[in-house]
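**Q** If you want the building blocks of each chain, they are given just below.
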Amino acid sequence: MAWISTISPDEATGRLAEAYEWQSQRLGSPTEFTQLGSLEPEIVHARLTLYKASEVTGSALTARQKNLAGHVTSVVNRTPHCASRSRIKLRELGFGAPLLEAVDALDFSGLAPEEAAVATYAEKLTRDPGAVSLEDIEALRAVGLGDREIVDLNNQVAHLNYTNRVANGLGLLDEVSEDFPAFDTVPA
Amino acid sequence: MTRTTDVTSPLPADRAVVHEGWIASVAPEDATGLLAEAYGRQTEKLGRVTELTQIGSLYPALVDLRLRLYAVVDDTPSDIPDWGRRAVALLTSVLNGCRFCTVGHVERLGEAGRAELAQAIKTDPLTAASGDDTVDALFAYVRLLVRRPGDVAESDIEALRAAGWDDLAILDVNNITAYYSYINRVASGLGLTREA
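For the protein sequence lines, the chains are A and B, in the order given. This note's numbering puts the first residue of the first sequence at 1, with every later residue one more than the last. This note's numbering puts the first residue of the second sequence at 1, with every later residue one more than the last.
Simulated from the structure, these hints should not be mistaken for lab results. Accuracy of the hints is not assured; some may be wrong.
Now the in silico label distances, taken between C-beta atoms and shown as ranges [what the hints assert, rightly or not]: (1) A:E178 <-> B:P77: 26 to 32 angstroms; (2) A:A188 <-> B:R147: 33 to 39 angstroms; (3) B:A153 <-> A:E32: 43 to 49 angstroms; (4) B:A27 <-> A:D179: 47 to 53 angstroms; (5) A:G110 <-> B:Q119: 45 to 51 angstroms; (6) A:E92 <-> B:S155: 33 to 39 angstroms; (7) A:S109 <-> B:E111: 37 to 43 angstroms; (8) A:E32 <-> B:D124: 33 to 39 angstroms; (9) B:P77 <-> A:E18: 18 to 24 angstroms.
Anything over 10 angstroms on all C-beta distances counts as not near chain B; from chain A, calculated [said to hold, decoys possible]: (10) A12; (11) Q25; (12) T57; (13) A63; (14) R78; (15) D104; (16) D147; (17) A182.
All residues carry an ideal CB built from backbone N, CA and C; glycine is no exception.
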């Protein structure tokens with residue numbers, strides 16, 4: 001339960017109800033995360049449209065790479081809610097339990113080189129953004145990422161650094177259940 | 001709201017070249033369509049398109065929607081005074097080590113008549129105080145949320161309430177801090193590392 005008041009779906013009207021509906025079309029209701037911003041409906045609108053754009057950029061970054069980057073971000077930031085959602089996604093994308101446990105411990109040695117490079121960038125950008133250097137970008141290029149993929153990766157990690165702080169900073173700390181449809185949170 | 005943004009159509013590569021930063025971007029004179037429209041909104045407001053806006057321009061939808069989120073962040077109708085909101089943005093950027101963003105926020109806080117506070121935050125972000133207890137309570141929350149988001153507890157929200165802030169103000173300070181934690185990483189992570 002959040003630490004500030006929110007507006008539930010059955011109480012929402014106008015712009016807020018409209019934004020809630022985008023997510024309800026696939027999920028049946030807006031997520032708890034979406035409701036966190038509901039005291040200012042424009043925040044909900046802007047977050048959901050940016051979220052959708054962030055998820056469907058169309059770059060050649062694979063779903064595994066992209067969701068791995070997001071997961072590492074949430075692990076470094078110690079955001080249980082977001083990490084529980086990305087853990088479900090990674091499982092569905094073929095990450096076995098031992099590999100996922102290693103990633104949760106920020107051990108990337110069992111990952112393919114491309115995925116290890118993505119995870120390493122995600123950890124550094126999250127932990128110490130001011131220390132990121134051209135060498136870190138070159139390391140991504142060395143495993144085959146182009147500029148579009150790097151922009152996509154950067155946005156994914158940076159955006160999760162936003163959402164992690166919304167969740168942790170306003171009290172959304174619970175993990176989602178194992179059967180949560182984590183890929184269905186992108187608004188219709 | 002009509003959502004006309006095409007979020008699946010990145011810009012053709014032949015119009016993107018490296019201008020500043022470590023990756024290709026699209027200059028204002030080369031922008032078309034949604035990107036030109038987004039650039040135009042910023043030009044109308046600032047007289048130019050910032051390097052920060054251009055850095056994501058391989059994806060016009062990201063540029064467009066980041067700017068729309070920025071407008072919402074900047075316009076949330078809470079009781080936090082304008083100078084306090086600017087100070088929160090600056091404090092976040094300094095704590096994140098984002099020199100590029102820091103310069104602009106120092107200027108903005110200076111324009112709000114708090115140049116001395118701006119220098120204090122830039123020099124010592126962990127202890128700088130505003131002289132206003134209510135805003136200093138915001139600073140304490142910001143420092144924790146930026147540096148150790150996993151340690152924020154309900155008692156930190158209660159401290160904000162004890163300082164007089166209502167839920168909309170708490171949503172606002174959270175959103176400003178989270179937003180700049182996003183944007184600082186766009187800048188630092190793609191090569192805007194000099195002082196703007």
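**Q** For every hint, state whether the structure bears it out.
**A** Hint check:
1. A:E178 <-> B:P77: 26 to 32 angstroms: violated (40 angstroms)
2. A:A188 <-> B:R147: 33 to 39 angstroms: Since the Cβ atoms of A188 (chain A) and R147 (chain B) sit about 37 angstroms apart, the hinted range of 33 to 39 angstroms holds.
3. B:A153 <-> A:E32: 43 to 49 angstroms: Once the Cβ atoms are compared, 18 angstroms apart, the range 43 to 49 angstroms for E32 (chain A) and A153 (chain B) is violated.
4. B:A27 <-> A:D179: 47 to 53 angstroms: The hint (47 to 53 angstroms, Cβ to Cβ) holds, given that A27 (chain B) and D179 (chain A) are roughly 48 angstroms apart.
5. A:G110 <-> B:Q119: 45 to 51 angstroms: With a Cβ separation near 48 angstroms, G110 (chain A) and Q119 (chain B) satisfy 45 to 51 angstroms, so the hint holds.
6. A:E92 <-> B:S155: 33 to 39 angstroms: holds (37 angstroms)
7. A:S109 <-> B:E111: 37 to 43 angstroms: violated (50 angstroms)
8. A:E32 <-> B:D124: 33 to 39 angstroms: holds (37 angstroms)
9. B:P77 <-> A:E18: 18 to 24 angstroms: holds (19 angstroms)
10. A12: Non-interface label stands for A12 (chain A): nearest chain B Cβ at 14 angstroms, farther than 10 angstroms.
11. Q25: Given a closest Cβ separation of 13 angstroms, the condition holds.
12. T57: violated (5 angstroms)
13. A63: At about 15 angstroms from chain B, A63 (chain A) clears the 10 angstroms cut-off, so the statement holds.
14. R78: violated (3 angstroms)
15. D104: holds (14 angstroms)
16. D147: Given a closest Cβ separation of 4 angstroms, the condition is violated.
17. A182: Per Cβ check, A182 (chain A) is outside 10 angstroms of chain B; nearest 19 angstroms; holds.
Violated hints, listed in ascending order, are 1, 3, 7, 12, 14, 16; each of the other numbered hints is respected by the structure.
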